[in-house]
Amino acid sequence: MIAPIVEAHAVHKYFGTHHVLKGIDLAVAERELVFVIGPSGSGKSTLLRCLNRLEEPSSGSIMVDGIDLLDRRTDINHARQRIGMVFQSFNLYPHMTALGNVTLALRKVAGKRRAEADAIAQAALARVGLADRAGHYPNQLSGGQQQRVAIARAIALEPRVMLFDEPTSALDPELVGGVLAVMRELRESGMTMVVVSHEMGFARAAADRVLFMDAGLVVEQGPPEQIFAAPREERTRAFIGQIQRH
Amino acid sequence: MSGWDRFADTFLNTAVMAKYLPAIIDGFFLTVGLAALVVVTGIAAGLVLALLRSLGVRPLNWLIIFVVDLFRALPPLVVIVLLYFGLPSAGFSPDAFSTTWASLSLVLMAFAEEIFWAGITAVPRGQWEASRSTGLTFWQTLSSVVLPQAIRLTIPPLTNRTIAITKGTALGSVIGLSEILSQASSAMSLSFNPSPLMLGAAAYLVLFLPVVVLGRWIETKFAWQR
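Residue numbers (the numbering used here), protein chains in the order written: chain A, 11 to 256; chain B, 2 to 227.
Since the hints were made in silico from the structure, they are not lab data. Here a beta-carbon is modelled for each residue, glycine too, at the ideal position from N, C-alpha and C. Warning: the hint list may mix true and false statements.
[As the list claims (entries may be wrong)] Negatives, chain B to chain A, calculated, CB over 12 Å:
id, residue
1, Leu13
2, Asp27
3, Ala97
4, Val207
[Said to hold, decoys possible] Footprint (simulated), chain A over chain B, 3 or more residues, beta carbon under 8 Å:
id, segment
5, 118-130
6, 142-153
7, 184-190
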């Protein structure tokens, strides 16, 4: 078997005395889509943010695409180009157009010239269905469009893995579909993805594996059919029951 | 002599005004130069301090906060007098122009630092995270993502503060700097007539009214885009 793209081992995270991650092991294979679910405060977002070192784990090891993220000698800015991240609140740069948002890292980090960066960014925007919005500022775009620009910003750097932190939670219901469609297309193109989200329909249709986290631990994991229809753990069952009630 | 004639003779005496106009004009240009220098050095130094503070080095930040609070608390006149009469005992005797320039720059630096710092901290954390997650360094994020947004927020308060502090150039008259006010009041003593003061006031209006109007224009321009 090929080595996994993401390999986290015994990851602990404390915020002060608060023990948020209590020894997480996670391996994500190439082209795999892993879904992470769990109640708020279970540590799922913290885990995701450890995977590109936006949060510094207190202990453990994290390898992404063969790079030891926690090694002091690792150039984290170089490593982060290979790890795309999409946030709940989009976090587009309000003073730049959609194109400017996508080209910034291409030019500053990947060292592309303006013309080349523009071409790559245009292609990325076309891929998320926003080729005609390149000159728009974030406040001229809907939430769903903003999130798709944010996805374009990440994929333009050709990451090896994409992390999604509740990408549809801040969206009006009618805008969710467009973002999920882009994520589905990414998945079909073979992108490795780790998704923290409660979009159960999407998880059922697209996920290879679902992780259920509670209180800083992975309680249960398995294919979506198992987790959603026949969970083995009592806590998983209770959680699935709660979210399916509405 | 009617009441109006007496008033005009006292405050708008054309003969006196004509005589001292060249001195007021000299003061005018000196004030313009001084004000421009203070704006440049004060704002630049304030920005540098705010950038250093964003590094989050604790002892350095304590020092910055101490210096900033000190110069925000001291009246500018006290700073001027302290430097002008205090520094010679340290074996260093700056002239009136340098002293006023340095003093007002320090005061503007202190206020500008606070304003820039408020602007930097007002930029949401998510902006830092989005930028860093694509591989930009701390400084690249600060210069390309955070500062452009922070500076837009700081323009209105910074414009106000800059105008207030550059008007402090008049305080240089206390240590004999021959700026507008000083020229006007010595002309008044020599001519036993307050008309030069009116000239001085007019010179201040010519200098600062455009600045105030420009400030208002900048404020509305930047308030609209958001």
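Evaluated hints:
At the 12 Å boundary, the C-beta of Leu13 of chain B stays outside the reach of chain A, the nearest C-beta of that chain being 51 Å off. With a least CB separation of 44 Å from chain A, Asp27 of chain B remains clear of the 12 Å interface cut-off, as annotated. Every CB of chain A is more than 12 Å from the CB of Ala97 of chain B (nearest about 43 Å), matching its label as outside the interface. Non-interface status of Val207 of chain B relative to chain A is upheld: no Cβ of that chain comes within 12 Å, the nearest being about 36 Å off.
Requiring three or more residues with a Cβ within less than 8 Å of a Cβ of chain A, the coverage given for the segment 118-130 of chain B holds, as 4 such residues are present. Note: the segment 142-153 of chain B has 5 residues with beta-carbon separation from chain A under 8 Å; the three-residue rule is met and the coverage holds. Remark: the segment 184-190 of chain B is not confirmed as covered by chain A, as 0 of its residues place a Cβ nearer than 8 Å to a Cβ of that chain, below the required three.
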